[in-house]
Structure formats: structure tokens, C-alpha cells
Amino acid sequence: MSNSENDKRFAEAIRAQLDDSLNDYDAATLSRLNQARQRALDELPKAGRLPWHWPALAFASALALVVLIGFPGGQVQVSPEMDDVALVDIDLSDDEMALLASDDDLEMLQDLEFYAWLEQQQDWDGSSS
Amino acid sequence: MAMAKPASSDAQAQRVALNRFLQEVERKALRMAELGTRDREEAMDLVQDAMLAFVRNYARKPSAQWAPLFYKVLDSRLQDFHRRQNVRNRWRVWLKPFAADDQRATDPLEQAPAPETIGPAHQAQGSEAIGELDQALQQLPPRQRQAFLLRMWEGFDGAMTAGIMGCSEGSVKTHLSRAMHTLRDRLEDYR
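Protein sequence lines correspond, in order, to chains A and B. As numbered in our numbering, residues 1 to 129 make up the first sequence, in order. As numbered in our numbering, residues 130 to 320 make up the second sequence, in order.
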């Protein structure tokens, strides 16, 4: 049997096992999932109302611009009036920077490329069918 | 001439469609989150958070885009979880010498059990009950595990998986190939 056939069978066996495991959740867990789902559905934007996150999105965009332009590379200029410009290296790791930017709206800004790509995919699917 | 449907019936139809979609993905999402966090409670929180963010931000998107968008939100929540863990672990290392200096000091992070030993599954059933497959998947690096689950379990193609994970298609291939290699080594019974 070829390697790719082996890989396929191997992946199918794992997939089947994972699918089976979805039936192992007890009633309490399923009930909690149901509650989480209903809570999420209660957040559905009301018809005709601007999405709640628009003002926050505008604020987040402005904040992101200030951070990017004002503090490039995580460095903060402490006293701009001084002749000798003092720089404090905040030394935030990638993880910490990402955590600071983990708000939904910033996340949406970062993912714009993905949404544009998704739209494109749908256009292609639509035109090909 | 067709009558325009009232807005409330549109909203109701959208709620029904979203409910059906979330019902379809919620168990898989919980399973993925459990494999990533090794903790049912953490996983449940992540799934709930992902559902809320998905509905708030993407409910109006065409339903064909819901699955990748939902998994992107979930993947992002999982990445945040791992980042928090990394930061926490760095603090644990940093705080360790201080704790050694003062044995009376009780740092909650020091008292926390290792990730391998927490979680209701462990508490309720004992470590033997956690399947070989779960252990093998849990031991994979997070990005390899996500690439494997999205590609091989959820069935997204390489480009979509890359979009969801926010990396290149080449990276997905590399993650997937390494994951397959490791899993083959660890799961002899599945071969």
C-alpha cells in the first residue's frame, strides 16, 4: 500500500474516533452548550440598528494608529522636550503585544484580509455554479 | 408582486439558521478546545466566548462563510489561551527564586497543578480513561494540532485552513506533515 493511501486510512481512523467521541458528552455538558448558544443568540443585532461595535471599532482603529505611529517597536518616548531623548524599552514580547490587542474589534481589523479573501471565494463559487 | 417580509420574521429566520449552525459545530468546537486547553471548564469558556464574538460580529455574513469565520474566532481564542499560558509560565519561572527565599509565601501559580493533571476528565475518571488518541493530540504543539484538526477532521482545504489560522498554506502543510509524522509514531494501533 502506498504512503498516501496509508496516510488516508490513518487520518480516516482518527477522524472516525474523534467523531465517535462527540457522542460521549453527558447531558449536563450538552445543556451548558445549549445555554451558551442561547446566550450568544440573544446578542443578535436588532434589525435596522447599527452594529454595537461600530463606535468601538472606530476607537480601536484610532488607538491602533496611535500605537503604531507613536510607539514603533514597543519603544515609548518619555520626555520629548529633553535634548537627549530618553527612550524606555517596554520590551513586550509578541505574546504580550498580541494579548493587549486581543479585543474583538482589533481582531476584526487584523482579519480584514481573510474576510476579503472569503468574499472572493464565495464569488468564485457563485460564478462557477 | 411579492410582499416584503416583515423585519421580525427575517430576524426570526436568522436566529433559527444561526441556532442550527451553532448546534452543528458546538460539540466539535468544545472537543477542539478541550484538546487545546486540557480542561473542560476552560474549553467551555472559550467556546462560549467564541459563540458570542461570532454572533456579534458575523451573524450578518452569508451562511456559507459561517463555518470558517466561527473556527477563525475559536482559533484566535485558543491562540490567546496559549499566549496567556506562556506569559503565566514565564512569570512562574521569574517568581520561583522569590518563593524559594520565603517558604511561607504561597504563590497561587506555584500551587497550580501541572496542565497534564487538571480537568474534570482526570478528576472524574482517572488518567487511564483519557484515550491514547487524546493524549497524542494533546501532546502536539498547538499549531500542529490545529492544522491537523481543521484540515483532517473539519475538512477545510489547505487555503481555508491557512486563512483560519492566519498563516501561509506552506506553513499549514508543514504543521500537518509534522503532526501526521508524530501521530503515526505515537498511535501504532491506528496504522
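Note that these hints are calculated values from the structure, not bench results. A quick note: this is a predicted structure, and the numbers were derived from the prediction, not measured. Just so you know, even glycine gets a beta-carbon here, dropped at the ideal spot from N, CA and C. A hint or two may mislead.
Unchecked claim - According to the in silico footprint, chain A covers these stretches of chain B (three or more CB under 8 Å from chain A):
hint, region
1, 137 to 151
2, 158 to 171
What the hints assert, rightly or not - One-sided excerpt, in silico: chain A residues whose CB lies under 7 Å from chain B:
hint, residue
3, Lys8
4, Ala11
5, Ala16
6, Gln17
7, Leu18
8, Leu22
9, Asp26
10, Leu33
11, Arg37
12, Leu63
13, Leu112
14, Phe114
15, Ala116
16, Trp117
17, Leu118
Status of each hint after checking the structure:
1. 137 to 151: holds (count 8)
2. 158 to 171: holds (count 3)
3. Lys8: Check failed: Cβ of Lys8(A) comes no nearer than 10 Å to chain B, outside 7 Å.
4. Ala11: holds (5 Å)
5. Ala16: violated (10 Å)
6. Gln17: holds (5 Å)
7. Leu18: It holds, given that the least Cβ distance between Leu18(A) and chain B is near 5 Å, below 7 Å.
8. Leu22: holds (4 Å)
9. Asp26: Since the shortest Cβ distance to chain B is 10 Å, the answer is violated.
10. Leu33: With a minimum Cβ separation of about 5 Å from chain B (threshold 7 Å), the hint on Leu33(A) holds.
11. Arg37: holds (5 Å)
12. Leu63: Leu63(A) check fails; min Cβ-Cβ to chain B is 18 Å, beyond 7 Å.
13. Leu112: Nearest chain B Cβ about 12 Å off; hint violated.
14. Phe114: Since the shortest Cβ distance to chain B is 5 Å, the answer is holds.
15. Ala116: Result: violated, 10 Å to nearest chain B Cβ.
16. Trp117: Holds. Min distance 6 Å.
17. Leu118: holds (5 Å)
The structure does not agree with the numbered hints 3, 5, 9, 12, 13, 15 stated previously, though it agrees with the rest.
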